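Q: Same order as they appear, the protein sequences are chains A and B.
Just remember that this note's numbering sits 390 ahead of the position in the first sequence, which is counted from 1.
Just remember that this note's numbering sits 390 ahead of the position in the second sequence, which is counted from 1.
FYI, nobody ran anything at the bench for these hints, they're computed from the structure.
Every value quoted in this text rests on a predicted model; they were computed, and no experiment measured them.
Warning: the hint list may mix true and false statements.
Given that identical chains are not distinguished, each listed pair holds provided it fits within a single copy or across any two copies.
Said to hold, decoys possible - Calculated cross-link-like contacts (lysine-lysine; reagent style BS3-like; alpha-carbon spacing at most 30 Å): (1) LYS839 - LYS968; (2) LYS760 - LYS514; (3) LYS556 - LYS881; (4) LYS580 - LYS826; (5) LYS1000 - LYS514; (6) LYS396 - LYS839; (7) LYS974 - LYS1000; (8) LYS540 - LYS672; (9) LYS870 - LYS514; (10) LYS540 - LYS482; (11) LYS396 - LYS826; (12) LYS589 - LYS849; (13) LYS968 - LYS672; (14) LYS404 - LYS556; (15) LYS404 - LYS540; (16) LYS968 - LYS667; (17) LYS404 - LYS474; (18) LYS672 - LYS975; (19) LYS968 - LYS870; (20) LYS672 - LYS974; (21) LYS968 - LYS699; (22) LYS968 - LYS595; (23) LYS474 - LYS870; (24) LYS760 - LYS474; (25) LYS514 - LYS975; (26) LYS760 - LYS699; (27) LYS721 - LYS482; (28) LYS580 - LYS760.
2 protein chains.
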Amino acid sequence: METTMKHIPFYNTKLEGSFWGEKQRVSREVTIDAVYDRFEETKRFAALRCDLAEQERDSWSSHIFWDSDTAKWIEGAAFALEHKRDGRLEAKVDALIADMCRNQLDNGYYNSYYNIYDTHNRFKLRGEHELYCLGHIIEAAVAYYHATGKDQLLNFVERYTELVIKVFMEEGSAGFVTPGHEEIELALVKLYHTTGKEKYLKLSKFFIDNRGCNDRDLAKFYPWATPYYAQDHLPVREQTTAEGHSVRAMYLYMAMADLAREFNDESLFNACHTLFKNVTEKRMYITGGVGSSRLGEAFTVDYDMQNEKAYTETCATLALALWCRRMSQLKALGAYGDVAEQAMYNGSLSGVSIDGDSFFYENPLAVDLKNHGKNRATTDSESYPLSQRLQVFGCSCCPPNIMRFVNSIADFLYTEDNGTLYVHHYMNGTTSYEGKSIRQSTSYPVDGKVSLEATGYNKIALRVPAWCESFEASADYEMKDGYAYFSGVSKLTVDFHTEPRFVVSAPGIHENAGKTALMYGPIVYCIEGVDHEDDIFSYSVDVSAEVRTSFDSYFGLPTFTAEGYIKSANGALYSNVKDMRYEKKPLHFIPYYAMENRGETDMTVWLPMK
Amino acid sequence: METTMKHIPFYNTKLEGSFWGEKQRVSREVTIDAVYDRFEETKRFAALRCDLAEQERDSWSSHIFWDSDTAKWIEGAAFALEHKRDGRLEAKVDALIADMCRNQLDNGYYNSYYNIYDTHNRFKLRGEHELYCLGHIIEAAVAYYHATGKDQLLNFVERYTELVIKVFMEEGSAGFVTPGHEEIELALVKLYHTTGKEKYLKLSKFFIDNRGCNDRDLAKFYPWATPYYAQDHLPVREQTTAEGHSVRAMYLYMAMADLAREFNDESLFNACHTLFKNVTEKRMYITGGVGSSRLGEAFTVDYDMQNEKAYTETCATLALALWCRRMSQLKALGAYGDVAEQAMYNGSLSGVSIDGDSFFYENPLAVDLKNHGKNRATTDSESYPLSQRLQVFGCSCCPPNIMRFVNSIADFLYTEDNGTLYVHHYMNGTTSYEGKSIRQSTSYPVDGKVSLEATGYNKIALRVPAWCESFEASADYEMKDGYAYFSGVSKLTVDFHTEPRFVVSAPGIHENAGKTALMYGPIVYCIEGVDHEDDIFSYSVDVSAEVRTSFDSYFGLPTFTAEGYIKSANGALYSNVKDMRYEKKPLHFIPYYAMENRGETDMTVWLPMK
């Protein structure tokens, strides 16, 4: 298990234009302020004042998970500050941190809800997100300290974490053993790296080792949850299937991968890899979305891929990518990067609008507007994912999450191992790391051409995407586990041949039987009502006909026109096959991540094959 | 509008063997006793004693709708007695009737719930089914009186109906104007025909004319209902779309058709025909099932045909057939008979098991067992229709309904109009009616050959089923509105050529895009897991290849083998179309109505076209 692979963190890289550079520009110029303003309007920041009198006077109350929203926003802002210091932005962050520090209790405790409400229940109820919030504050503290050198929040989380060590590890005096929502485990690994203090790593390991061994008293958790919900069904090393709340699961697996590396823990790595195979071979949408069911926001069974009601929370999908990134730091296996790519370009990015100020929590693979509010007979209604992004949600975890994800996307790019540079992903930018420099020139994924210049390495390993059927390279290479290894070169050009291709899903995915989706490189495409005169659900596509390519600057990617057919309506509900007539009509495909950006409209990824 | 068409009631016909003769035999020999025993076990009959002390002692209480279950059982039993008197069965019926009569209040009121509970709420709450129950008791009384000449229950309902006339029409002293669940309106027409008393017809018209004009105070109804739920959204003559609770809707439309005939009311007929077109061109499953949503057991929007979650209650589908039968009595339009046939052979008959003792309330068009109970993370669960028939339900309206439907199926056969015999459906049997005799010899729908001998008519009109593309007849005919008119013949043979055929649904039915179903004559087919080694949802069917025919006595109908293909699984969730391999495997089709008779198994009507 022992790995000498080192991660090259995102702040060593400056992305320039191209796909992700543009996404970061929008995030910095629009998203950061937009999320800030919505959080301010919804009292998330006022809550940091922990002023009960104020809340009673104005008739609102802080929420048990609001601190995590604030913390993720701070972390995302910190990531943007790595790009460029910004006094105005730092002033906002500093003010938030000042409020938090002012309200930290003498024993180190802090939670903007439990500081003023239900104080007797601190650390008593497993479902109440205190450690989840602390985890996010830790991540924010580490990020802001790195970006600015300011250590107030870092000191704050160290004091708070001391209390957690005392209550959970030393005294065992809390109402539960492991957090009801994982997050702190991975955050503690970051805190360990920043401070060098092993006690944080040990606390993380304590939580991971104890999960699935205790906490079966669901009365202290959610009455409707089963042990699967928060991955308590088995000790983590014995878990073989992705279960329960998908964000919780992903955050757990991230920490498991982190600890596998820190402790050279083969059993943790093996559990991670087994779970990775279950997720990616049985329980993942083509968009990289995970967690198909609204009920419990959860994984269900193999091949359950309802499209219109796909839950696939933005947070879960981007966390799948982050888990895969950690797996790539454990083993250079192309599949990890392939899945990371699938999740980052599709079901993660669909969580934010192209103009950067509105968000999806759920990311369905079909929107059939006729089904929304279809039942006029009762005031009860079936639940469908929203078909238009909102600026803020009641549970608004996704907006700051996609913000911090985009601003640290270069984290995915590189690792190095004993003189070998691993290039896991393709983005246009320059990197300086420990005296070495890397320059990638590419418009990936617009096309698959990549020029690379890297000094200080004796080998360069490029992940050859699984979707790529052939590629050309300027030098000789050896293939292993999805990577092409080039020896003794510092300059390289490769061309991963990228053509639109129709894909089908495994026979077990009943919902997609007889259907196909269009992909281009890692990008999943969809069709939208706004681009078609006819009902998009009445189209079939001829997968053998030519697909024409255009480039659309709005989407920043190629768009495609394929040969479609629509059944002619003859007025009858049911007709003989042999009497049906089909009319040829072009089908216009746009990137899935850009769905529902041009008004509320029907959308589908999968459509019948003619 | 004026029609001189006369219905030839079922009790003039004796069905002999063949498809429906066999169904009636099973119903008489098994279903009648099975439903009786289950109703006895579940206290439905004990409730008729209206003994509060007994109920308190034994800790159960009667239900507001139980009288309708009992009444439908009596009516079904009465229909069987038309076939053959049976002292044992009559003794059971007589005992039930004696209990009801003994507990009728002095003012005529009777309800086994409101006789002893909440007595101050009699006729006060629109949702409480008192008039619905009375309607069914009226139908039972009329049927039992006709079958046996015994008039106790007829006297009972006349006394009760007098009270209803007083309270609803004369005093207006009830808590509402029209019933919350239609049924009494159509029953009153039967009571009028049996007694000749016009006041019953007037009460029916009062309820029909007032529906949609009052009763907007939903606080007196169900808090979750909208005016659409019980067809209160518009006066009935202005209704153009089938809305709300589908059984309520069908029972309303039946009464509207009855009154259109009784009053030569063109506006009612036109409303019925408009609603018929909406139902059959936009809102009906291929099985004749109606009411797609579990929420409110309701119609939703055009083309909403979810298959796996199809609600399509047995009661609604058989009532669609009964409504169509009434429409055929108003106008000789083949479409009415076509739809009646579609509903009776598929989504109605699927409501009872082949051995006659268990029942479906919902009749889905697909059963995908992997989805049932799929979410292990929470104790909440998604609702799916049952995948195995039960012997009795909490709300057990369907079992006695399909029982009375099957035992009066010959009601569908004939009408006559000024010397013309209309043959709307094809069943093997003999009929004597007002000195005329009719003999049909056929094994329809096993094949389409029908021999007919009818004395006393100068014209015979045969409905030519819409599914029939060509037929041969032994004499010349003229076609009009779906009927072949034969003049001056008393003996005829026709052969409606019947071949298996693949059908597709209208483009608006998104769920079936790219999919096909197999039909044979009026019979819809399905495939079941029990007949296939592979996951049935991984099959496509080649609609251009030959379909082989067998006959299976278990189903009483032909079964078919078509050429199927399954995608070879390669372990990947998503693969390029061009890399997929398909393996040819036979697909075995059985009649839909016989689904889920051989253990719990996957099932689907629609499958992708290869």
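Q: If a hint holds in the structure, say so; if it does not, say that too.
A: Hint-by-hint comparison with the structure:
In this assembly of identical chains, the alpha carbons of LYS839 and LYS968 lie at most 30 Å apart only when taken from different copies (24 Å versus 47 Å within one copy). For the identical chains of this complex, LYS760 and LYS514 are neighbours neither inside a copy (46 Å) nor across copies (38 Å), given an alpha-carbon limit of 30 Å. When the C-alpha separation of LYS556 and LYS881 is checked against a cutoff of 30 Å, the pair qualifies neither within a copy, at 53 Å, nor between copies, at 99 Å. Taking the shortest Cα distances, LYS580 and LYS826 sit within 30 Å of each other inside one copy (24 Å), while across copies they are farther apart (94 Å).
For the homomeric pair LYS1000 and LYS514, neither the shortest alpha-carbon distance inside one copy (58 Å) nor that between copies (58 Å) is at most 30 Å. When the C-alpha separation of LYS396 and LYS839 is checked against a cutoff of 30 Å, the pair qualifies only within one copy, where the shortest distance is 26 Å, while the shortest distance between copies is 81 Å. Proximity of LYS974 to LYS1000 under the C-alpha cut-off of 30 Å is found in both arrangements, the shortest distances being 11 Å within a copy and 19 Å between copies. In this assembly of identical chains, the alpha carbons of LYS540 and LYS672 never lie at most 30 Å apart, being 45 Å within a copy and 66 Å across copies at closest.
Taking CA atoms no more than 30 Å apart as the test, LYS870 paired with LYS514 passes in neither setting, with 50 Å inside one copy and 79 Å between copies. For a Cα distance limit of 30 Å, the shortest separation of LYS540 from LYS482 inside one copy, 14 Å, qualifies, whereas the shortest one across copies, 89 Å, does not. With identical chains, the CA atoms of LYS396 and LYS826 are at most 30 Å apart within one copy only, with a shortest distance of 14 Å there and 97 Å across copies. Taking the shortest alpha-carbon separations for LYS589 and LYS849, neither the intra-copy value of 36 Å nor the inter-copy value of 99 Å comes in at or below 30 Å.
Within a single copy, LYS968 and LYS672 get their C-alpha atoms only as close as 37 Å, which misses the 30 Å cut-off; across copies the closest is 21 Å, which meets it. When the C-alpha separation of LYS404 and LYS556 is checked against a cutoff of 30 Å, the pair qualifies neither within a copy, at 41 Å, nor between copies, at 87 Å. For the identical chains of this complex, LYS404 and LYS540 are intra-copy neighbours only, at 22 Å inside a copy versus 95 Å across copies, given an alpha-carbon limit of 30 Å. In the homo-oligomer, the alpha carbons of LYS968 and LYS667 lie at most 30 Å apart only across protomers (24 Å), although the nearest pairing inside one protomer, at 44 Å, exceeds that limit.
When the C-alpha separation of LYS404 and LYS474 is checked against a cutoff of 30 Å, the pair qualifies only within one copy, where the shortest distance is 10 Å, while the shortest distance between copies is 92 Å. Taking CA atoms no more than 30 Å apart as the test, LYS672 paired with LYS975 passes between copies only; the shortest distance there is 24 Å, against 34 Å inside one copy. For a Cα distance limit of 30 Å, the shortest separation of LYS968 from LYS870 across copies, 25 Å, qualifies, whereas the shortest one inside one copy, 51 Å, does not. Only between protomers do LYS672 and LYS974 lie at most 30 Å apart by alpha-carbon distance; the minimum there is 25 Å, versus 35 Å within a single protomer.
Proximity of LYS968 to LYS699 under the C-alpha cut-off of 30 Å is restricted to the inter-copy arrangement: shortest distance 29 Å between copies versus 33 Å within a copy. Taking the shortest Cα distances, LYS968 and LYS595 never come within 30 Å of each other, neither inside one copy (65 Å) nor across copies (47 Å). In this assembly of identical chains, LYS474 and LYS870 lie within 30 Å of each other by CA distance neither inside one copy nor across copies; the values are 38 Å within and 82 Å between. For a Cα distance limit of 30 Å, the shortest separation of LYS760 from LYS474 qualifies neither inside one copy, at 46 Å, nor across copies, at 52 Å.
For a Cα distance limit of 30 Å, the shortest separation of LYS514 from LYS975 qualifies neither inside one copy, at 62 Å, nor across copies, at 59 Å. Taking CA atoms no more than 30 Å apart as the test, LYS760 paired with LYS699 passes in both settings, with 14 Å inside one copy and 17 Å between copies. Taking the shortest Cα distances, LYS721 and LYS482 never come within 30 Å of each other, neither inside one copy (40 Å) nor across copies (77 Å). In the homo-oligomer, the alpha carbons of LYS580 and LYS760 never lie at most 30 Å apart, since the shortest distance is 47 Å inside one protomer and 40 Å across protomers.
Violated hints, in rising order: 2, 3, 5, 8, 9, 12, 14, 22, 23, 24, 25, 27 and 28; the structure is consistent with all others.
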